[in-house]
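Participant: Chain residues, written in single-letter form:
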Amino acid sequence: MEALLTVRDLVVQAERPGAEPLRILDGVGFEVPAGQTLGVVGESGSGKTMTATAVLGLLPHGLSVTSGAIEFAGTDLVGLPEPRRRALRGSDIAMVFQDPLSALNPVQPVGRQVSEVARRREGLSRAAAGRLAVELLDRVGVPDPAQRARAYPHQLSGGLRQRAVIAMALAGRPRLILADEPTTALDVSVQARILGLLAKIQAEDGVSVLLISHDLRVMAHATQHVAVMYAGRIVERGATRDLLDAPRHPYTAALVRSVPAVHTRTAAVAPIPGNPPNLAALPPGCRFHPRCPLAADRCRTEAPALREVAPGRLAACHFAEEAS
Amino acid sequence: MTLLSVEQVWTTFRAPGGRGLRRPEIQAVAGVDLTVAAGETVGLVGESGSGKSTLARTIVGLERARRGRIVFDSTNVTRGWPRGLRRDVQMVFQDPRSSLNPRMRVGDIVADGLRARPASVAADVAKRLEQVGVDPALATRRPAELSGGQCQRVAIARALALRPRLLVCDEAVSALDVSVQAQILALLADLRAELGLTMLFISHDLGVVRQLADRVAVMYRGRIVEQGPAEQVYEEPAHEYTRSLLASALELH
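Those protein sequence lines, which keep their order, are chains R and X.
Just so we're aligned: the first sequence equals residues 0 to 323 in numbering that gives the first Met the number 0.
Just so we're aligned: the second sequence equals residues 0 to 252 in numbering that gives the first Met the number 0.
Heads up, some of the hints might be wrong.
Said to hold, decoys possible - Where chain X lies over chain R, by a calculated footprint (3+ residues, C-beta under 8 Å):
id, segment
1, 187-193
2, 211-220
3, 245-259
4, 262-271
Stated by the list, open to error - Computed far set for chain R versus chain X, every beta-carbon distance over 10 Å:
id, residue
5, Arg15
6, Glu42
7, Ser63
8, Arg85
9, Pro108
10, Gln223
11, Leu293
12, Ala302
13, Glu307
14, Gly311
15, Arg312
16, Glu321
Bear in mind the hints are in silico, worked out from the structure with no lab data behind them.
Glycine is no exception: its CB is placed at the ideal position from the N, C-alpha and C atoms.
Please model the entire structure based on the sequences and the hints provided.
Facilitator: Here is the structure:
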């Protein structure tokens, strides 16, 4: 399978005055196959949003990619001049974030914001872009699109706002949609519909999606492949269904056990003891070992590499064969 | 024995826009009946805007009911909780960082609760922190120095320091990471068993509520459209809205 986006051994460091730079991402690698969805899942501070930010070239001041590659359609984005990266954002690479209000201009009707993207991308006339905006709003399931195109963001519900943001993304004819917690701020009933919309767009346009979320249930519903992050590293990767059904890394297994079920009566969730490590004071060896039920002496000294433990499945655990 | 009973309670607000009494009235809580028995955990589920938080705030006295009656242990508390009863109800909110005083030390936050119960002035803050799984060495820290999960544990310790008979949790685990969420759910289950707590547990997350609730009430547009034993509501939902809510919930497997 041809990959549209390949991230290789990505290292992102934060400069600290009077101290060693802090490694926020430490050798992150994954592929987003053309026309498919890769999910990146992890808890706060695991580096998942930082990974997305690095792909977009929007790392905050003081953070930089110090090694590794981000190949998009055969071009390495690392070191690409800023004007070229900017040209990719909002067209070939579209973004959908958690809070649609922060992505929308509060003083411009939403239809206008969608048509602006189309005008920039396609050089359409104002009238043609306006018609396209209404078409796109219709396509993303905004009811009464001609009417709603004239509405301001605050006049729309959270779900409709997120649909408007997706319409904006589509106006740029993206090849990759980067969605960071796109449904986290939405109600349960709206969440499933927005994920369904992303899947429909993917089926129709063959667009690839990099979906970032803390929620394993979102991964189960909306991705074909998943990468699990912990403390700045990827600890497990594989096909979503297999990975969730039979995790090989103890951290993934523990995460899966933490999710409360809705439709079946299950035993109490089993919490993982302790907290994720501080990146400035990482434990030696495996970063998960202080919280791991399988930890042995080797784990305390030797960091496990991410290795293939079954066809198509990678895990960074010395005991991946015994896990699950 | 019924500890809390809510009878035909209405809580309304004036919508912005327009002037005075001409502003449209929003019925956030529109005639709710709900009872919580001593030792029971009642889960209140619904989407944003359904009125579940307003109902919780009305029960604890942060909002005033326009109509109806709220009775706690045979005392009418609709117009406010009398001094002697106020400590009997405590609330844990979604965002611990905004519900804890950022300038106070963690130990003092919990000690304040202990001082409010004269009999336990001398009681040990450290013991309280340990009970909720916070290292007592952190007592001198301020909330900003703790993680979100630790802050929520402190908020629970503060609430429990008053030895309440009713604990109202409003989306208390919703902002937490899944592993931390699991830790807090386990903590609440342990504390309930240990202290015989009565809980009103509000969440939009149906999975979380299923973990804790003995009974479940489903709220929609200010009304409770269905309530019953948790297993019955989840397995045989009677109301159309409950069915659609359950159908839209995402599952892992």
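Participant: Are the hints correct? Go through all of them and say.
Facilitator: Hints and how they fare:
1. 187-193: holds (count 5)
2. 211-220: Per the Cβ count (7), the hint holds.
3. 245-259: The restraint on the segment 245-259 of chain R holds, since 7 of its residues have a Cβ under 8 Å from chain X and three suffice.
4. 262-271: holds (count 7)
5. Arg15: holds (18 Å)
6. Glu42: Glutamate 42 of chain R is in fact no farther than 10 Å from some Cβ atom of chain X, at 4 Å.
7. Ser63: For serine 63 of chain R, whose nearest Cβ neighbour in chain X is about 27 Å away, the distance exceeds 10 Å, so it holds.
8. Arg85: Check passes; 33 Å lies beyond 10 Å.
9. Pro108: Non-interface label on proline 108 of chain R holds, nearest chain X Cβ at 20 Å vs cutoff 10 Å.
10. Gln223: Its Cβ never comes within 10 Å of chain X, the nearest being 16 Å, so this holds.
11. Leu293: Leucine 293 of chain R clear of chain X: closest Cβ-Cβ about 17 Å, beyond 10 Å.
12. Ala302: holds (21 Å)
13. Glu307: holds (25 Å)
14. Gly311: holds (20 Å)
15. Arg312: Per Cβ check, arginine 312 of chain R is outside 10 Å of chain X; nearest 18 Å; holds.
16. Glu321: Label holds. Min Cβ-Cβ 21 Å, cutoff 10 Å.
Checked against the numbered hints given earlier, this structure breaks only hint 6.
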